[in-house]
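So the sequences go chain by chain: X and G.
The opening position of the first sequence corresponds to residue 1 in the numbering used here, with each subsequent residue numbered one higher.
The opening position of the second sequence corresponds to residue 1 in the numbering used here, with each subsequent residue numbered one higher.
Honestly, the hints are just simulated from the structure, not real lab data.
Built from N, CA and C at the ideal position, the CB exists for glycine as well.
Among the hints, erroneous ones may be present.
[What the hints assert, rightly or not] To give an idea of the chain X side of the interface with chain G (calculated C-beta under 8 Å), a few residues:
1) 85
2) 90
3) 98
4) 106
5) 138
[To be verified] Estimated spans, in silico, between C-beta atoms of each pair:
6) G/372 / X/16: 47 to 53 Å
7) X/87 / G/319: 49 to 55 Å
8) G/260 / X/133: 53 to 59 Å
[Stated by the list, open to error] So, partial list: chain G residues that the calculated Cβ filter (under 7 Å) puts toward chain X:
9) 10
10) 210
11) 213
12) 214
13) 216
14) 221
15) 376
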Amino acid sequence: MTGEPAIAVTGLVKRFGERTVVDHVSIEVARGEIVGFLGPNGSGKTTTIRMMCGLLTPDEGEGRVLGHDILHDQRAIKREVGYMTQRFSFYEDLTIEENLQFVAGVFDLPREAVASTLADLGLTSRKGQLAGSLSGGWKQRLALAACIMHRPKLLMLDEPTAGVDPKARREFWDEIHQRAAEGLTVLVSTHYMDEAERCHRINYISYGKLITQGTVAEVVRDAGLTTMVLEGPRIAEAQRMLRSMHGVEQVAPYGNSLHVIGRDGPAVRKAAQTAAEATQSKLLEAETSLEDVFIQLMGASQDNMQ
Amino acid sequence: MSTFFSWQRLRTIIRKESIQMRRDRITFAMMLGVPLMQLMLFGFAINNDPKDLPAALVVPVQDRYSRAMVTALELTGYYRFTHPAATAAEAEALIAAGDVSFVVTMPSDFGRRFERGEHPQILIEADATDPAVASGAINTIGTVANEALLREARTEAAMAENQATKVDVVIHRRYNPEGLTQYNIVPGLLGVILQMTMVMMTAMALTRETERGTMENLLSMPVTPIEIMLGKVLPFFVVGAVQVVVVLVAARLIFGVPFAGSIWLLLLGVFVFVMALVVLGYVFSTLARTQMQAMQLTFFYFLPSILLSGFMFPFSGMPTWARWIGETLPLTHFLRLIRGVMLKGADLAAIASPLLALTGFAIGFTLLALSRFRQTLD
């Protein structure tokens, strides 16, 4: 059992009417790994997660989650997986404690589980508060507490930090890493690049297709992008020039600097050189960031669609 | 822990539903307040046999016969002569305006012709726009008029002759000797009130989860369809029980409806009826996508079930096809059951057929609900 990956699904397809929302997606996640699931809005992340935790039946494809068949053992998967939905989906007209008691009852957990979960997450003082009256950060804490209370072996988090302030996000990730160190496998979908970089591995999905996967370094390397940075007072002028130049695929200003990105290294270097000379800007080569890679991937898959 | 059913999980869902029900104060108040209000309103307001209806008398010559006629008609309880000396034109205007329900016209030579032994005529015009209003009053008039006039004429011979030709018809109004509408309406109201709250509330059960987005979470946990269904409908049995007590106590104390049969038999019937209703509501809940749709479905069901079940209008008076529709409504069978037990003192054998029908509805709706329920978000 322990040698088997936590998630191993192949060729997942989901159609809603005419639209293919998930198109032959295969994912493998080893036990104890934190895997990021990235992609633009509407790319099929939520649908893929729902298929893996037994909430949707795939139209094609097969696979195992924690050793259980995703087509036939959905009930077994539900017992061992913690799924945190994108939208807060606990009962707003119940208090924090009542929500946790509900989850504890459904999973047949001992009575003490609620109290210890409340204490673990620092929710004891707020246990009598209605869930609906909580702020975004506290709702997220409650949802996380409820998802991990039954000690799942696999946690699936669907955009868990949307609408949460940076400090709460930091705490949230600390919690996740601590759990992963204890052996929990985590699959987390996100938009945030800094969060993607906190994952052991990432999967990038766009328009229902898995575009790339690997560690952050691998993904960046595989993209094969060259990034040049121009610095100087006239970068707005440089930006206008670069837009139409050969080999330049992205031009993105960051404060006083300008990132020039493209797959064709020599062409990008040449274009950047020309623009830098014309505007008397400082020129240097930089590491390509994950965000630049994703913008590139997003643009590429959009082209595929058209 | 069993895979398909666990008491622990069922208890958990029931507890959660009960807390939510309690927190929704307005709905909770409505579940208990509305039945009482409806009972008072309809129990007192609905009357199929109205009395003391306004009438006008058109008679050119006031004589002892016309006076005897007025007295006799008023004694039936149906007529109240608000306009005892109207002209024909006035009477026409009164009935057209709805100020009177009847116009009684006696010709000027009525007394003379009666004394001569001829057969004079009395014209009674009734506002029959609502047939129910006029029927009771019209039915009584023939005998009443004859008896009054004969008594007034004091012609013993004529009376004897009259009696001789008559067949003695004995009418025994059983179970409700005074023909009180309330005896019929109040037990029926229990059915209507239970139906209103039970079906409507449970129709919201799943759609509320879907609308609030909590369905996704609920489904991601190891709960089974039967646990969700029972967990959502069982709390309403408590609400139903409270309503039953309220209505039965009110029926006895306020409306004085007799209770001829066994209370346990009635409660058995109510239990099966409520079971059928909550599961029917739950079926609506699996059909509708939003709470609004669930409400609409419920109302589409309410109207025929009030009109065709025999609650408002006599079941036997409907054409065959309408009676077939009526037979498909649980309320129809419940009305037979409760009227049988409360008014006629029916025993188990006498109500076996409506009881079986209700059991059939409960089982059928349960199977339908479970087959409709989606364990996934597909």
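A quick look at each hint next to the structure:
1. Annotation: interface hint on residue 85 of chain X holds; nearest CB of chain G at approximately 5 Å, less than 8 Å.
2. Hint status for residue 90 of chain X relative to chain G: holds, with the closest Cβ pair at about 6 Å, below 8 Å.
3. Given hint, residue 98 of chain X at the interface with chain G, holds; its Cβ is 6 Å from that chain's nearest Cβ, closer than 8 Å.
4. A cut of 8 Å between beta carbons decides the hint on residue 106 of chain X: the least distance to chain G is about 5 Å, and the hint holds.
5. Proximity of residue 138 of chain X to chain G is violated relative to the hint, the smallest CB-CB distance being about 17 Å (cut-off 8 Å).
6. Against the hinted window of 47 to 53 Å, the Cβ-Cβ separation of residue 372 of chain G and residue 16 of chain X comes to about 20 Å, which falls outside the hint.
7. Distance hint check: the CB atoms of residue 87 of chain X and residue 319 of chain G are about 52 Å apart, consistent with the given range 49 to 55 Å.
8. Between residue 260 of chain G and residue 133 of chain X, the C-beta spacing of about 54 Å keeps the proposed range 53 to 59 Å intact.
9. Interface hint status for residue 10 of chain G: violated, as the beta-carbon distance to the closest one in chain X is roughly 9 Å, over 7 Å.
10. Hint status for residue 210 of chain G relative to chain X: violated, with the closest Cβ pair at about 11 Å, above 7 Å.
11. The interface hint given for residue 213 of chain G holds, since its Cβ lies 5 Å from the closest Cβ of chain X, which is under the 7 Å cut-off.
12. Using the Cβ-Cβ criterion of 7 Å, the hint placing residue 214 of chain G at the interface with chain X is satisfied: the shortest such distance is roughly 5 Å.
13. The beta carbon of residue 216 of chain G is positioned within 7 Å of a beta carbon in chain X (closest approach about 5 Å), and the interface hint is therefore held.
14. Hint on residue 221 of chain G holds. Least Cβ distance to chain X is approximately 5 Å, under the 7 Å limit.
15. For residue 376 of chain G, the suggested interface contact is upheld, since its CB lies about 6 Å from the closest CB of chain X, less than 7 Å.
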